[in-house]
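Number of protein chains: 2
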Amino acid sequence: MSVTSVSETSDPSGLIGAPVTVPPEAPMRWNGWGDAALAKDLPLAVRALLPMKLGRVPKAAPAAQLEEIVLAPSLLSDEDAAAIAEVVGEEHVSVEAEARVRHSGGKSTPDLLRRREREQQAPDVVVSPASHEEVLAVLRLAAARDLAVIPFAGGTSVVGALDPERGSHRAVIALNLRRLSGLVHLDEVSGEARMLAGTTGPEAERLLAAHGFELGHFPQSFLYATLGGFAAARSSGQNSSGNGRFDTMVLGMRVATPTGELTLGVAPGTSVGPDLARVFLGSEGIFGVITELTLRVHRVPETKAFEGWTFPDFAMGAAALRQVAQLGTGPTVIRLSDEAETGVSLAQHGRIGKAMSGGCSAVTVFEGAAADVASRHARTAEVLRAAGGISTGADPAEAWIKGRFGAPYLRDSLLDHGVFCETLETATTWANLEALKRAVSEAISSGFAAHGAKSLVLCHVSHIYPTGAALYFTIVAGIKGDQLSVWEAVKSGVNDALVASGGTLSHHHGVGRDHAPWLEREIGTTGMRMLRAIKAELDPTGIMNPGALLD
Amino acid sequence: MSVTSVSETSDPSGLIGAPVTVPPEAPMRWNGWGDAALAKDLPLAVRALLPMKLGRVPKAAPAAQLEEIVLAPSLLSDEDAAAIAEVVGEEHVSVEAEARVRHSGGKSTPDLLRRREREQQAPDVVVSPASHEEVLAVLRLAAARDLAVIPFAGGTSVVGALDPERGSHRAVIALNLRRLSGLVHLDEVSGEARMLAGTTGPEAERLLAAHGFELGHFPQSFLYATLGGFAAARSSGQNSSGNGRFDTMVLGMRVATPTGELTLGVAPGTSVGPDLARVFLGSEGIFGVITELTLRVHRVPETKAFEGWTFPDFAMGAAALRQVAQLGTGPTVIRLSDEAETGVSLAQHGRIGKAMSGGCSAVTVFEGAAADVASRHARTAEVLRAAGGISTGADPAEAWIKGRFGAPYLRDSLLDHGVFCETLETATTWANLEALKRAVSEAISSGFAAHGAKSLVLCHVSHIYPTGAALYFTIVAGIKGDQLSVWEAVKSGVNDALVASGGTLSHHHGVGRDHAPWLEREIGTTGMRMLRAIKAELDPTGIMNPGALLD
Chain G
1436 MSVTSVSETS
1446 DPSGLIGAPV
1456 TVPPEAPMRW
1466 NGWGDAALAK
1476 DLPLAVRALL
1486 PMKLGRVPKA
1496 APAAQLEEIV
1506 LAPSLLSDED
1516 AAAIAEVVGE
1526 EHVSVEAEAR
1536 VRHSGGKSTP
1546 DLLRRREREQ
1556 QAPDVVVSPA
1566 SHEEVLAVLR
1576 LAAARDLAVI
1586 PFAGGTSVVG
1596 ALDPERGSHR
1606 AVIALNLRRL
1616 SGLVHLDEVS
1626 GEARMLAGTT
1636 GPEAERLLAA
1646 HGFELGHFPQ
1656 SFLYATLGGF
1666 AAARSSGQNS
1676 SGNGRFDTMV
1686 LGMRVATPTG
1696 ELTLGVAPGT
1706 SVGPDLARVF
1716 LGSEGIFGVI
1726 TELTLRVHRV
1736 PETKAFEGWT
1746 FPDFAMGAAA
1756 LRQVAQLGTG
1766 PTVIRLSDEA
1776 ETGVSLAQHG
1786 RIGKAMSGGC
1796 SAVTVFEGAA
1806 ADVASRHART
1816 AEVLRAAGGI
1826 STGADPAEAW
1836 IKGRFGAPYL
1846 RDSLLDHGVF
1856 CETLETATTW
1866 ANLEALKRAV
1876 SEAISSGFAA
1886 HGAKSLVLCH
1896 VSHIYPTGAA
1906 LYFTIVAGIK
1916 GDQLSVWEAV
1926 KSGVNDALVA
1936 SGGTLSHHHG
1946 VGRDHAPWLE
1956 REIGTTGMRM
1966 LRAIKAELDP
1976 TGIMNPGALL
1986 D
Chain X
1436 MSVTSVSETS
1446 DPSGLIGAPV
1456 TVPPEAPMRW
1466 NGWGDAALAK
1476 DLPLAVRALL
1486 PMKLGRVPKA
1496 APAAQLEEIV
1506 LAPSLLSDED
1516 AAAIAEVVGE
1526 EHVSVEAEAR
1536 VRHSGGKSTP
1546 DLLRRREREQ
1556 QAPDVVVSPA
1566 SHEEVLAVLR
1576 LAAARDLAVI
1586 PFAGGTSVVG
1596 ALDPERGSHR
1606 AVIALNLRRL
1616 SGLVHLDEVS
1626 GEARMLAGTT
1636 GPEAERLLAA
1646 HGFELGHFPQ
1656 SFLYATLGGF
1666 AAARSSGQNS
1676 SGNGRFDTMV
1686 LGMRVATPTG
1696 ELTLGVAPGT
1706 SVGPDLARVF
1716 LGSEGIFGVI
1726 TELTLRVHRV
1736 PETKAFEGWT
1746 FPDFAMGAAA
1756 LRQVAQLGTG
1766 PTVIRLSDEA
1776 ETGVSLAQHG
1786 RIGKAMSGGC
1796 SAVTVFEGAA
1806 ADVASRHART
1816 AEVLRAAGGI
1826 STGADPAEAW
1836 IKGRFGAPYL
1846 RDSLLDHGVF
1856 CETLETATTW
1866 ANLEALKRAV
1876 SEAISSGFAA
1886 HGAKSLVLCH
1896 VSHIYPTGAA
1906 LYFTIVAGIK
1916 GDQLSVWEAV
1926 KSGVNDALVA
1936 SGGTLSHHHG
1946 VGRDHAPWLE
1956 REIGTTGMRM
1966 LRAIKAELDP
1976 TGIMNPGALL
1986 D
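Residue numbers (our numbering), protein chains in the order written: chain G, 1436 to 1986; chain X, 1436 to 1986.
Simulated from the structure, these hints should not be mistaken for lab results. Treat the numbers as computed from the prediction; the structure is a model and nothing was measured. Just to be clear, a hint being listed does not mean it is correct.
What the hints assert, rightly or not - Over the 10 Å line for every Cβ pair with chain X, so calculated as not near, a few chain G residues:
#1 A1496
#2 R1551
#3 M1751
Unchecked claim - Short, incomplete list of chain G residues facing chain X, as computed with Cβ under 7 Å:
#4 V1624
#5 R1680
#6 V1714
#7 G1717
#8 S1718
#9 S1810
#10 W1865
#11 P1901
#12 E1972
Yeah, the Cβ is synthetic: ideal placement off N, Cα and C, and Gly gets one too.
Work the whole structure out from these sequences, hints included.
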């Protein structure tokens, strides 16, 4: 067992080793992930591997430059603009092409492929309110003037939740919520923080760290995404095995809808009717806008410990993780890569030879008070060892932490090289885990094969629960024809396979527009009726994010 | 530290020390709690203490006998009865007086006081379906024939959720769900059990124990209440600090409504839209009937350890529990009595002398694998000791476990002696805990004083969370006038105080009809509109439990 300790003072933000130090205030690249300055080309070893695995594909055509983009003229009338400006101030209403392009969608691979084209869809206006009251006023105004509203903050959706869909309305507003940023109140005794919903992950951690607290929610979108987005999309982070999914951190919220507002969450536990906050968690902006969240926070961990593991195969690794989850031995992070992902990961680090030796690698991280970290680490190690795991020391887990926000940059490089790359994820019970993994992998491979494309499917267990786990798939494929239409067909087959094989359509990316046509198969006709009834009550004219979730 | 171990074989049911061994198949006393054979008179020490504390009150008038009860004639038509009998079988449709009286409400003190009267309200018919399909058919039929439906199973509501309210409908059915009992499927790998919603607590534990599993949900209603009731009322049990509230155990459910059915819950974690199962958790039968639940279960604990504690005062005890909750040191049960409750509890056990010495007693119980129980116990003890606690050994915690389902019997004895007794509970943040406790205690005392009644208010912390805790109040009062109307006035003042002081109206009893007039003050106008919109969609004619939750 190998333990690395980090004292509170050396890492007050809790972002140990995060390599991407771009200030989160800087906007993301409009046509790729993150900070352009941090973009990097594929490692040589990977470039060598790809043609062997995927066949040769032509390099992508050069992407359109920002100034070359052609947008349809804004449909917002001058009267609309003036009325909105009266609420938020003229400087917070923009119909400029750049602002519109920057709010034209999320960061799925289809989004990025569309961003490479010269002609693009965009919202008619970008509006940036600064408070709950301004959001409420804008929504009322939008309903009265028949303007659709797409709530937008970090812009990191990978399921099409941010498409500038006008629906049947006159025009469409991208409602940028980033000005709603800040810590409203911290109750240090109870460990409760009230924060504005447009606060990004790093901003939230900095504000809390100043008081010795941490939220501890680290999805891959962490550096850009906002608290409201985590809530609206039911996010799950890399530390969720220890700190819980984002929805378990939410103790209360304020919501603005076109027809009224809500303040929810009185006590840490209650039996007072259905938990209405849960109706907004996962609602993806179709009922209204989450403007403020009351969140469970904890003291910045005193200590962190890291340990990597290797298992002979995925089945043994998964069984080991299951035992850890069911005994409640408490790692903060635990992940298991399958054989293919383990091989590629080793290749990326220039250890091709090792990749051939097979096996599955896992990482564990423990955070908390020193005494507890030591005992949880020891107990987890004992369980993993008894289940056939062999420790690989602290290095692999530390390396994973250091690189954990960097993966999306690789996708941009692959796309530049003409190689298609996308991710998708699901979850199921432990008993069904391997069957689902096979069904999804098969749907991906055969889907691409039907279009004459070779593909490589990597998978890891990203989150564990006592009763099951999440599977995260990374896909690279050598598509010779139109990448968008091939992927649409493959993805459709994967969604069918998920429904047929007992997987959920998404464990932490959400529904958006990409999964919406399958929603009814997961929640049933009566479930759809419930969602539509709530929407009809709160948003009777249907202006909120038309086409997302409910299709 | 004192540890008592119980091997798996000596207590396969997990019901260690439960003193009430009545088969759960036996119905409860129609006019009191539990099994008539187990009713017991007040301990002498308590009888001596009461007049000193509450003044002398006259003994209650003799309660009406079952055969003396006068009911209004059933309003069910022969055609109604015949149509229902076609679905469930004639023998499962009863308009007999005894059946109707036995389904005429729950077990709150007002319920029990009303049960003592000669003239009583009762449902027009008791219908007992045996399956999801039969429930669905009965609900459709009831909607078509304009019959109200009160879902009824254990009959343990203490908030008026089971009143036979006809509303604007022709007649009212008590829908007894006890025939939907059983284990449908156990996934031993994942730790998931599908169980019918009418299964009682003990039945569920027996069925699971046969496979080495436990649900581990032990509210005071455990011996009679059913899984569906736990879900519909968002129950929390005595082991919830370790095993979680009942709603956290629910992975999925089947629901029958008057206009359709739902099967919810695909994966242990998902981001696919709002969690619709959460809309039925806490819905108290106003949308439909939960017929089946998929529940997280765990292996029967290998070991249990018990330890009692004493703290100089409530504030120090509460601060100690907070540290335990926030460090996540993991007791399965932890409770803290205030000074008054500690004193009465000692008095009950004939230790009046000790009661005078003051202080607050606490109990802790740890369940799980031997190694984990030992380390969690040691860590919790360390935290409690550092926070000023002094161990009182295993005995007090073991005594508490043995007596934990017995308290409601005392209430029946008190009522016989003319002494009013009732409980209520709430929850709030740790920072607000003492202020809320004072506000509620004051509302109770001054409320009774305004009616010339002396009262005694006992309180304990019954459930802990990282951010707050639940407060459970036991009230005894010497009311000279009409107990029902005095209590109604006092309770109204308490509900006002809860809303004004940041407490939830109920942490685990629910809303029913007793808290319904205050619901809007907790969830707001927009929250009420959401609940009404869902109800209008699923139950457009409003037949489901009219008057509960939504008033």
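Hints, one by one, checked against the model:
The Cβ of A1496/G sits about 34 Å from the closest Cβ of chain X, beyond the 10 Å cut-off, so the non-interface label holds. The claim that R1551/G lies off the interface holds: its Cβ sits roughly 28 Å from the closest Cβ of chain X, which is beyond the 10 Å cut-off. Even its closest Cβ contact with chain X, about 14 Å, leaves M1751/G beyond 10 Å, as expected for a residue assigned away from the interface. With a least beta-carbon distance of about 4 Å to chain X, the hint placing V1624/G at the interface is held under the 7 Å criterion.
Against a cut-off of 7 Å between C-beta atoms, the interface hint on R1680/G holds, since the closest Cβ of chain X lies about 6 Å away. The interface hint given for V1714/G is met, as the beta carbon of that residue sits about 5 Å from the closest beta carbon of chain X, less than 7 Å. With a least beta-carbon distance of about 4 Å to chain X, the hint placing G1717/G at the interface is held under the 7 Å criterion. Taking 7 Å as the C-beta contact cut-off toward chain X, the hint placing S1718/G at the interface holds, the least distance being around 5 Å.
Annotation: S1810/G was flagged as interfacial toward chain X, and the flag holds, the nearest CB pair being 5 Å apart, inside 7 Å. Against a cut-off of 7 Å between C-beta atoms, the interface hint on W1865/G holds, since the closest Cβ of chain X lies about 4 Å away. Among the interface hints, the one on P1901/G holds; its C-beta lies about 6 Å from the nearest C-beta in chain X, closer than the 7 Å criterion. A cut of 7 Å between beta carbons decides the hint on E1972/G: the least distance to chain X is about 4 Å, and the hint holds.
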